[in-house]
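*Asks:* Sequence:
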Amino acid sequence: MSKRIKEMLVTDLQQRIGDTTEILVVDSSRLDAISDNRFRLALREKDINVLTVKNSMALRALHSREITELDPILEGPSSLVYGGEDIVSLSKEIAGWVDELGSDLIAIKGGVLEGTTLSKGDVEELSKSPSREELIGQIAGLLLAPGANLAAALLGPGGKLAGQVEAIADGEGAADETTVDESAEEAGAEEAEEAGAEEAEEAGAEEADSGDDAEAATETESEESDA
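By the numbering used here, the letter at position 106 of the sequence shown is numbered 204, and the numbering carries on one by one without gaps.
Simulated from the structure, these hints should not be mistaken for lab results.
Every residue, glycine too, gets a C-beta built ideally from N, C-alpha and C.
One or more hints might be untrue.
[Claimed, not checked] Have a look at the derived ranges for each label pair, beta carbon to beta carbon: (1) Lys226 - Glu143: 45 to 51 Å; (2) Ile237 - Ser100: 22 to 28 Å; (3) Leu241 - Glu198: 20 to 26 Å; (4) Ser127 - Ser100: 24 to 30 Å; (5) Asp197 - Arg114: 25 to 31 Å.
[Said to hold, decoys possible] In silico lysine-lysine, DSS-like type, Cα no more than 30 Å apart, as pairs: (6) Lys190 - Lys101; (7) Lys152 - Lys218; (8) Lys190 - Lys144; (9) Lys190 - Lys152; (10) Lys144 - Lys101.
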């Protein structure tokens, strides 16, 4: 193969890989043509790409993207697998095919995740982790759970919470009415006391005036007698 053709192939690989930083490496060299074709088509339907080229050319394309973590893994028969939603869904998909076809026909070799080399065991562990959709479902369930419990308390048999709230509201209303009545009674009593005090003061003043008039009349009569 001429140098010019190799450069063209490496450029093509660079474009295919793009800026992905999540790649798995598998050995599918023992698959027959029918199984290999079914494997690749099924992954393609899920936007997962399988790329099989010479390791030296793959390394050149990866190095141009500053990906060197796959250097120790790209030895012997290797295919690059990348795409899908994330590394977890990618690992799940490949692990599923290993279970279906058998580890003697397709094997996980490792991978790379955001600059970190993944061993075969790492990929297998990732395949057992919740996928992005599963995590979103779990989080949504946690967020909705308190609301669901509140709704159940409000709408459930007996409506316990609603009944308690209503009872508290009624109790506060009755307490407010009692307070108003008591305040009105106290105000009435105070007004009555003030009115009684005013009447007593007026009566005392009238008596005092009467006494003064009587005393003045007596003094006048006494002066006239002396005269």
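*Asks:* All hints, please: hold or fail.
*Replies:* Consistency of the hints with the structure:
{"no.": "1", "hint": "Lys226 - Glu143: 45 to 51 Å", "verdict": "violated, 23 Å"}
{"no.": "2", "hint": "Ile237 - Ser100: 22 to 28 Å", "verdict": "violated, 54 Å"}
{"no.": "3", "hint": "Leu241 - Glu198: 20 to 26 Å", "verdict": "violated, 36 Å"}
{"no.": "4", "hint": "Ser127 - Ser100: 24 to 30 Å", "verdict": "holds, 26 Å"}
{"no.": "5", "hint": "Asp197 - Arg114: 25 to 31 Å", "verdict": "holds, 28 Å"}
{"no.": "6", "hint": "Lys190 - Lys101", "verdict": "violated, 38 Å"}
{"no.": "7", "hint": "Lys152 - Lys218", "verdict": "holds, 21 Å"}
{"no.": "8", "hint": "Lys190 - Lys144", "verdict": "holds, 12 Å"}
{"no.": "9", "hint": "Lys190 - Lys152", "verdict": "holds, 26 Å"}
{"no.": "10", "hint": "Lys144 - Lys101", "verdict": "violated, 35 Å"}
Of the numbered hints listed earlier, those contradicted by the structure are 1, 2, 3, 6, 10.
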